[in-house]
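First residue of the sequence shown? That's 7 in the working numbering, and the numbers climb one at a time after it.
Just so you know, the hints here were simulated from the structure itself, not pulled from any lab data.
Heads up, a few of these hints could be off.
Claimed, not checked - For each label pair, taking beta carbons as the anchor points, the in silico distance ranges come out as: (1) Thr148 to Ser208: 22 to 32 Å; (2) Tyr185 to Ser82: 36 to 46 Å; (3) Asp168 to Ser193: 29 to 39 Å; (4) Ser208 to Gln184: 18 to 28 Å; (5) Tyr185 to Thr148: 11 to 21 Å; (6) Tyr185 to Val205: 18 to 28 Å; (7) Ser208 to Thr127: 43 to 53 Å; (8) Gln204 to Cys85: 38 to 48 Å; (9) Gln204 to Asn150: 43 to 53 Å.
Glycine included, every Cβ here is placed at the ideal spot set by N, Cα and C.
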Amino acid sequence: MLGLLAAAGCNMPSSEVATQGMNVTQAYQTVEAHLTAAVGLPSIVVTETLVAPPPLTDGNVSTPMPTATTSRITPSPICDQAAAAYPKIDITIDDNTEMVPGQTFTKTWRVVNVGTCPWTTEYAVVLFSGDRMGASDSIAFTENIAPNQTVDISVDMVAPTDPGAYQGNWKLRNAAGQYFGIGPSGSSPFWVRIEVIQVLTSTPTTT
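Turn these sequences into a full structure, and let the hints steer you where they fit.
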């Protein structure tokens with residue numbers, strides 16, 4: 007089951023897209039602020055300044071210098087791009103949360119559409135690598151998410167029966183089947199990581 011909840015205030019300032027946090031997932035958030043800011047960068051104007059040569063004294067006519075030209079460098083917009091929401095991406099189940107074998111839980115991430123294209127119902131959240139933990143491999147969006155809109159993505163999971171550390175890495179997938187995520191390059195997954203602990207059972211003693 008995938009739960010999608012769009013935040014009421016969807017136009018978040020770019021300076022608030024990322025922050026420092028206590029879990030590993032937040033490592034991407036500071037760099038995401040630079041990614042979000044880059045989308046709205048103005049054009050950069052590069053102007054070449056030419057210095058006129060000194061006049062000739064031998065009577066020859068000097069050749070006119072070429073006229074200075076101006077070039078514009080405009081950052082290319084990114085269609086599909088996600089960023090970790092401020093102040094944290096992990097709304098439920100922080101990294102290394104301890105669970106008992108077979109425990110059911112719902113993992114919720116909060117992300118922002120910082121690209122230029124809306125996420126339609128043809129988009130999906132997909133298991134990219136790691137442990138599935140009882141979840142579906144691919145779950146379609148149930149509503150459209152506009153650019154600059156924040157959304158909560160929830161996936162129901164079940165803790166494995168064997169004790170140990172488990173991690174599932176998730177990404178988004180567009181209508182063309184292309185994967186994208188968060189991080190400096192927009193290709194890093196967001197994840198869920200839990201610790202399944204061994205349950206000790208007491209043995210009744212005879213008297």
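Going down the list of hints, with the structure as the test:
1. Judged by the Cβ atoms, the range 22 to 32 Å given for Thr148 and Ser208 is violated: they are separated by roughly 46 Å.
2. Distance hint check: the CB atoms of Tyr185 and Ser82 are about 19 Å apart, inconsistent with the given range 36 to 46 Å.
3. For Asp168 and Ser193, the hinted distance range of 29 to 39 Å is satisfied, since their beta carbons lie about 31 Å from each other.
4. For the pair Ser208 and Gln184, the supplied restraint of 18 to 28 Å is violated, since their beta-carbon distance comes to about 53 Å.
5. Distance hint for Tyr185 and Thr148: a CB-CB separation of about 20 Å, consistent with the stated range 11 to 21 Å.
6. The given range of 18 to 28 Å is broken by Tyr185 and Val205, whose C-beta atoms sit roughly 37 Å from each other.
7. Checked against the hint of 43 to 53 Å, the pair Ser208 and Thr127 passes, with Cβ atoms roughly 51 Å apart.
8. Look at Gln204 against Cys85: about 47 Å separates their beta carbons, and that is inside 38 to 48 Å.
9. Checking the proposed 43 to 53 Å range against Gln204 and Asn150 shows it holds: the Cβ atoms sit about 44 Å from each other.
In this structure, the hints that do not hold are numbers 1, 2, 4, 6, in rising order.
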